[in-house]
Structure formats: C-alpha cells, structure tokens
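J.: Chains as they are written, first to last, in the numbering used here: chain L, 1 to 109; chain P, 1 to 372.
It is worth saying that the hints were derived from the structure and are not from the lab.
Source: prediction; values computed, not measured.
Treat the hints with care, as some may be off.
To be verified - Here are the simulated distance ranges between beta carbons:
| no. | chain 1 | residue 1 | chain 2 | residue 2 | range |
| --- | --- | --- | --- | --- | --- |
| 1 | P | W97 | L | E32 | 28 to 38 Å |
| 2 | L | V77 | P | E91 | 25 to 35 Å |
| 3 | P | D357 | L | Q26 | 28 to 38 Å |
| 4 | P | W97 | L | R18 | 37 to 47 Å |
| 5 | L | Q88 | P | I99 | 15 to 25 Å |
Said to hold, decoys possible - Restricting the straight-line Cα-Cα distance to at most 20 Å, the calculated cross-link-like pairs of lysine to any residue (SDA-like) are:
| no. | chain 1 | residue 1 | chain 2 | residue 2 |
| --- | --- | --- | --- | --- |
| 6 | L | K56 | P | K50 |
| 7 | L | K15 | L | K56 |
| 8 | P | K222 | L | L10 |
| 9 | P | K50 | L | A43 |
All C-beta atoms, glycine included, are put in the ideal place defined by N, C-alpha and C.
This is what each chain is made of:
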Amino acid sequence: MYRVEQHPILGDAPKVRRVKIFVDGQEYEAKEGEMIAAALLAAGISTFRYTNYKHKPRGIYCGIGRCTDCIMTVDGVPNIRTCITPVQDGMRLQTQHGSGEWQRGDAHD
Amino acid sequence: MRMIEKELVIVGAGPAGLIAAIEAAKAGVDVLLIDENTRPGGQLFKQIHKFFGSHAHKAGVRGMDIGTELLGETDKLGIEVWLSSEVCGIENGHDVWVIRNSSETQYVHAKKIILATGATENAVSFPGWDLPGVMGAGAAQTMINVNRVLPGRKVVMVGSGNVGVIVSYQLLQAGAEVAAIVEAAPFLGGYGVHTAKVCRAGVPFYVSHTVKAAYGSERVEKIELVRLDEKFNQIPGTEFEVEADTVCLATGLTPLTELAWISGCQFDFVPALGGFLPIHNAQLQTTNPDIYIAGDIAGIEEASTAMEEGRLAGISASAALGYISKGDAEQLTDKIWDSLNALRSGYFGQKRRDAKDYMLKKGSEVIVCSTC
Chain L
1 MYRVEQHPIL
11 GDAPKVRRVK
21 IFVDGQEYEA
31 KEGEMIAAAL
41 LAAGISTFRY
51 TNYKHKPRGI
61 YCGIGRCTDC
71 IMTVDGVPNI
81 RTCITPVQDG
91 MRLQTQHGSG
101 EWQRGDAHD
Chain P
1 MRMIEKELVI
11 VGAGPAGLIA
21 AIEAAKAGVD
31 VLLIDENTRP
41 GGQLFKQIHK
51 FFGSHAHKAG
61 VRGMDIGTEL
71 LGETDKLGIE
81 VWLSSEVCGI
91 ENGHDVWVIR
101 NSSETQYVHA
111 KKIILATGAT
121 ENAVSFPGWD
131 LPGVMGAGAA
141 QTMINVNRVL
151 PGRKVVMVGS
161 GNVGVIVSYQ
171 LLQAGAEVAA
181 IVEAAPFLGG
191 YGVHTAKVCR
201 AGVPFYVSHT
211 VKAAYGSERV
221 EKIELVRLDE
231 KFNQIPGTEF
241 EVEADTVCLA
251 TGLTPLTELA
261 WISGCQFDFV
271 PALGGFLPIH
281 NAQLQTTNPD
291 IYIAGDIAGI
301 EEASTAMEEG
311 RLAGISASAA
321 LGYISKGDAE
331 QLTDKIWDSL
341 NALRSGYFGQ
351 KRRDAKDYML
361 KKGSEVIVCS
371 TC
C-alpha cells in the first residue's frame, strides 16, 4: 500500500520474489531480502513495539541501525533492529513489549 | 580466542572507508574492510541526486552511481570485505573485536586502523516527538530510495539545509506530499538549486518557525507549528495546525566516535564540524598514532569531502606501513589537500575550512607524526 513502484530517477521497482512473514500471527507478503521495517511500512504497520513503563508506541526513527527504536522480537529473539535485518520466508515477528522475552526451547538457547 | 593478523583494518564501508581501502590495496597493503550492514556503500545508495562541486569531485554524478563504481573497484582489487560484522571494541590500540553475523566473535590484530564510521542524525524534541511517524530525514530517504517504501503520505520537514530540501524533493519524487518545510532560523539554509526545485513544486516554507507539538494516538496525525522570535522563543498565539502523518528531522548530524573514545583517542569540541571529534593532523592520524580517521567522524561534511579524506587516510596509513615512500606520500597528500581546500571554499565552505584549520593546528601541537 505504501510501496514506491514507479520512480522518475530509479525507474520501476525490480521484480523480486515474494515471501510470507507473520506479524503477531497474521500473514503478510514481503519482498525477499528487503528489510523487515520496509516490509512492515509497506503493509501499513508503523508501530513496532511499546515501551516498558508508559506503553507508548514506537516505530522507525533512524533507519540505519543506530537508534534501536524499531526493535521487535524476531523468531523468538527480542531486540532485533528491524531496519537493518532482512526478511526471510516464514519469519515470525512479534510487536515487542518492553525489553521483550526470549522464547524458550528454540534454536537460540 | 582466534586472532588473525591484518596490516590495515578499516571500519565502515561508506564513501570514506571504501576509497581508503581502494588506495591502500592499490599500494599493496593487506586490507580488511568491515561494515555492520548487509551491503557496503554506507549512505551513498540513498543519495539519488547529483553531487555538487567541480568535475574533479564527481559533480553531476549521482551518489548511488558513485557507490556502484566504488564497489566495482573494490571487487576488482579483491579487497576482503566483512559484512554484517560489528566492530564492538578496539583493545590495546590494535586488537579489533568483531562480532560477525550476530553470532561469532573474531579478533583481528591490525598494525594500522582507519575509522570511517560516519555519523548519526540529530534529534529535536517536542511533545509527541517520540510518536511513530517522527523520524530522521535520512531515515525517510533510506526508506524511499533504498527500500522503496513510503514512510508516510504527508510530511512536515524540519530544517531547510541541504538534507531538508533534498529529502523533501525526493519525497515528492517518491509520491509523497510535503506539507511544509519548517526552519527555525530567519533564513533558508540549503543550496539554492535544491531549495528552488522544492519551491517550484509549491512546497510552503516557514522560516522563523518550529514544531510545537505532534499529536496522534498510534502515529502522527497532526502537527502544530509556531512562530519564533529573534531569540528562538515561541511566540504565543501564533500556533497553527498542519495535517500530516510524518515529521522528518533534518537538523544536522553528529559524528559516530565511540570506537575512537574506546581506543583512548584525545578529543576536542568543534561545533562547526558537528561536536566532539578525535583530534587529528593533516595525515588524519589521531593521538593514537596507529589509528586514522576519515569522513564524517573527522567532521560532518559531504560525501565528496569524505572521499578525499578516505584517500588521504588510505595513503597516510600505506606510507606509515612502508608501502609508499615519504616523498611520494607528501606529493599525493599535498594534491588531496588542494582538492579538500577547494571543496571547503565559498559561502558554505569557509566555516568548515576555518574549523578544520583549527583542528589541524591542534593536531600538529599534540600529535607527534611518525611519517612527516
């Protein structure tokens, strides 16, 4: 919905294979290899997490991996910078609350 | 712990780091270039506009095309590049601690190090500045030009400097609407050529104005602007609202200096160049004689300056390693300084030239140069 498909300088967006990602259990389409944050913005999602104490919404801020405002829980691992982490087919993203929780019993123990 | 040896480690594969690596590799140095991103090029690929300056500085060429050219050269020279690799520390002035792919620790013992870590965008705080939809102008630029997604439909740009006007124009090119460009100073800050383009597109400019607040529940829905007096105080009663879902902050950059601090480099505060900077000399050597800097970490400027500084640091480090003779190095660096001085001239450049001269004087006082 927010994708830039045509561009006067960059031309048409390259044709890229689509993959499936899951955001809080709901399925969305993403472009293979694009950053998670980009896939979410394209899907119309701008809140990626809520803060610990005041539960205020947060989204992208610096877009280059410096500020850590856009972190989410990705495949059970919290605090992943979504603006510099590419999507993978079948990736499970969770809106993070506070500092998030490690998912037990996964491959990252 | 596994430790590998390298003659030269360069941290950051943006314009400065890439050129430094290319120069050193050409001289025969065994180089390792490290970057935390999945792709090298730093911020070049989001710069889809044509560069300024003279032809010698690649004026008229788009940033992204310079990026492609540099990556081609890096490839051709067979330079070793580690991507998705974060440098987390430098110990004993030489041992570079790297975490690769968020999982594997690696130490690299480097004879010489060039830090080309770049910069991060400054924030401006106002009520609601933490809402989703408020972001750095560079973040929006990355989203539209690299990731090809719009971060919002209707944008208020804060700051009328080059970044503010260039990103505003690129937001228009990407299909967004720019509701206003807001500037706290009583005059506009960007180059005329870019300011005029946005003006012609009908974007309203508000000088002596700032954002009073951003409102919204889950993201920005509305922005309140307010007029400022000559002392930058808000004038009550002059508030008005603008409908927008995004606020972009183009309010300057700060050098990313953590690794230089960790390595024990001495610093000085130079506001005209972005704040605290590692003290350096004309070889771009820091007070830690085996650590050099180049690009925004040596003072916030443009990519064209960063590339010249990369060349300078690459040559200086290669000379210190014995790959370029003292005489040749001097000749080469003299030429680069002429070029840098040309870039730092005119209405916009003189302030940076003066600040850089101050820094070099300081550098020559505190650094005992091993190669000059």
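J.: If you draw a straight line from the CA of P:K50 to the CA of L:A43, is it 20 Å or shorter?
T.: 31 Å, violated
J.: Need the status of pair L:K15, L:K56: alpha-carbon distance at most 20 Å?
T.: Measuring from Cα to Cα gives roughly 37 Å; hence the hint is violated.
J.: Could you say whether the range 28 to 38 Å given as a hint is met by the Cβ separation of P:W97 and L:E32?
T.: 32 Å, holds
J.: Check whether the Cα positions of L:K56 and P:K50 lie no farther apart than 20 Å.
T.: 40 Å, violated
J.: Starting from P:K222, check that the Cα of L:L10 is at most 20 Å away, please.
T.: 31 Å, violated
J.: Is 28 to 38 Å right for how far apart the beta carbons of P:D357 and L:Q26 are?
T.: Given range 28 to 38 Å: violated, Cβ gap about 58 Å.
J.: Could you say whether the range 15 to 25 Å given as a hint is met by the Cβ separation of L:Q88 and P:I99?
T.: Check passed, 20 Å falls within 15 to 25 Å.
J.: Given a hinted range of 37 to 47 Å, is it respected by the beta-carbon distance of P:W97 and L:R18?
T.: 38 Å, holds
J.: Could one say that the CB atoms of L:V77 and P:E91 fall in the range 25 to 35 Å?
T.: 27 Å, holds
Checked against the numbered hints above, the structure violates hints 3, 6, 7, 8, 9; every other hint is satisfied.
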